[in-house]
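Novice: Generate coordinates for the entire structure from the input sequences, incorporating the hints supplied.
My numbering numbers the first residue of the sequence shown as 20 and each following residue consecutively.
Any given hint could be a false lead.
[As the list claims (entries may be wrong)] DEER-style ranges, computed between Cβ atoms: (1) Gly-38 <-> Leu-219: 20 to 28 Å; (2) Asn-87 <-> Leu-223: 39 to 47 Å; (3) Pro-139 <-> Gly-163: 38 to 46 Å; (4) Ser-161 <-> Pro-255: 21 to 29 Å; (5) Glu-30 <-> Asn-94: 13 to 21 Å; (6) Phe-221 <-> Glu-109: 43 to 51 Å; (7) Arg-236 <-> Gln-52: 27 to 35 Å; (8) Val-196 <-> Leu-241: 22 to 30 Å; (9) Leu-223 <-> Asn-94: 46 to 54 Å; (10) Gln-52 <-> Gly-163: 40 to 48 Å; (11) Val-196 <-> Glu-41: 29 to 37 Å; (12) Val-196 <-> Asp-108: 13 to 21 Å.
By construction, these hints were calculated from the structure, which means they are not laboratory data. Note that CB positions come from ideal geometry on N, CA and C, so glycine has one too.
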Amino acid sequence: MMKMHAHTPSEVLPIAMPGTHEAFIEFFLKHEQPPARVLDLGAGQGALTLRLLQTGFTVEACDFFPENFRIERVNCQRADITDSLPYADEYFDIVVAVEVTEHVVDHSRLFSEVFRILKPGGRFYVTTPNILSLKSRARFLSSGFFYSFQLLEPTRRDGLQHVASLSADQYDYLGRVAGFEPVSFNIDKIQRTSLWLYILLFPLWKFSPLARKTRYRHNHRLLLLGRLLFLHYTKPLR
Numbered sequence: 020m021m022k023m024h025a026h027t028p029s030e031v032l033p034i035a036m037p038g039t040h041e042a043f044i045e046f047f048l049k050h051e052q053p054p055a056r057v058l059d060l061g062a063g064q065g066a067l068t069l070r071l072l073q074t075g076f077t078v079e080a081c082d083f084f085p086e087n088f089r090i091e092r093v094n095c096q097r098a099d100i101t102d103s104l105p106y107a108d109e110y111f112d113i114v115v116a117v118e119v120t121e122h123v124v125d126h127s128r129l130f131s132e133v134f135r136i137l138k139p140g141g142r143f144y145v146t147t148p149n150i151l152s153l154k155s156r157a158r159f160l161s162s163g164f165f166y167s168f169q170l171l172e173p174t175r176r177d178g179l180q181h182v183a184s185l186s187a188d189q190y191d192y193l194g195r196v197a198g199f200e201p202v203s204f205n206i207d208k209i210q211r212t213s214l215w216l217y218i219l220l221f222p223l224w225k226f227s228p229l230a231r232k233t234r235y236r237h238n239h240r241l242l243l244l245g246r247l248l249f250l251h252y253t254k255p256l257r
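Specialist: Next comes the structure, spelled out in structure tokens:
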């Protein structure tokens, strides 16, 4: 029997904001049970892969730089996630992309490929910075950049820059175009700055006709307060 090298999550460095993997695993386990077959898309060194393994899931991984992957028990395939993914149709129960989609330009190809490799009824989980939080809106007003985004370096090609700032309704649209059911969403945690702004501006959200009209897609309380979006897509059954 193959033994897993004794890496711990603290030794395998996550390429994500602090606390992201812990919050995601807590959210994920409310919906999923092992030993489902999971693809960790854009796995980096394998920090999330390791957490999924430790909770009993059957895990495969892919990344544009598989040489950085450090979990010996799992084969990490090289994959350009804006191109064809190296997996058969209807192979996975679940695909996760944690802090990946903000690094991607061609989302249409990514979503269609994930749809292809998921079994009917399969699930696709995405986490990404929430650009609709009040903290993010205030930052855009003052700087022209959403939360977690900044001026791009045009000659940088390491794949680590945040190049795509999309809102929850845009992610819902991408999923529907690819064939997924309407997206459901949650957040990792409430931002304190956003909470104070929410309290200060509460009359605006309460009484503004435009805010009421766009409450679910753009001005839902979770969208106004959350740091990261947790998006949950489902591929329809036959």
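Novice: Evaluate each hint against the coordinates.
Specialist: Cross-check of the supplied hints:
Checked against the given bound of 20 to 28 Å, the beta carbons of Gly-38 and Leu-219, roughly 26 Å apart, stay inside it. At roughly 45 Å, the beta carbons of Asn-87 and Leu-223 sit within the given window of 39 to 47 Å. Our hint of 38 to 46 Å for Pro-139 and Gly-163 holds, since their Cβ atoms are close to 43 Å apart. A hinted range of 21 to 29 Å is violated for the C-beta pair Ser-161 and Pro-255, which are about 42 Å apart.
Between Glu-30 and Asn-94 the beta carbon distance is about 20 Å. The supplied range of 13 to 21 Å therefore holds. About 47 Å separates the C-beta atoms of Phe-221 and Glu-109, a value consistent with the hinted range of 43 to 51 Å. Between Arg-236 and Gln-52 the beta carbons are some 31 Å apart, a value that agrees with the proposed interval 27 to 35 Å. Between Val-196 and Leu-241 the beta carbon distance is about 23 Å. The supplied range of 22 to 30 Å therefore holds.
Separated by about 52 Å at the C-beta atoms, Leu-223 and Asn-94 satisfy the suggested range of 46 to 54 Å. The beta-carbon spacing between Gln-52 and Gly-163, approximately 44 Å, falls within the hinted interval of 40 to 48 Å. Roughly 32 Å separates the CB atoms of Val-196 and Glu-41, a value that falls within the hinted 29 to 37 Å. At roughly 19 Å, the beta-carbon separation of Val-196 and Asp-108 lies within the given 13 to 21 Å, and the hint holds.
In this structure, only the earlier hint numbered 4 is contradicted, and the remaining ones agree with it.
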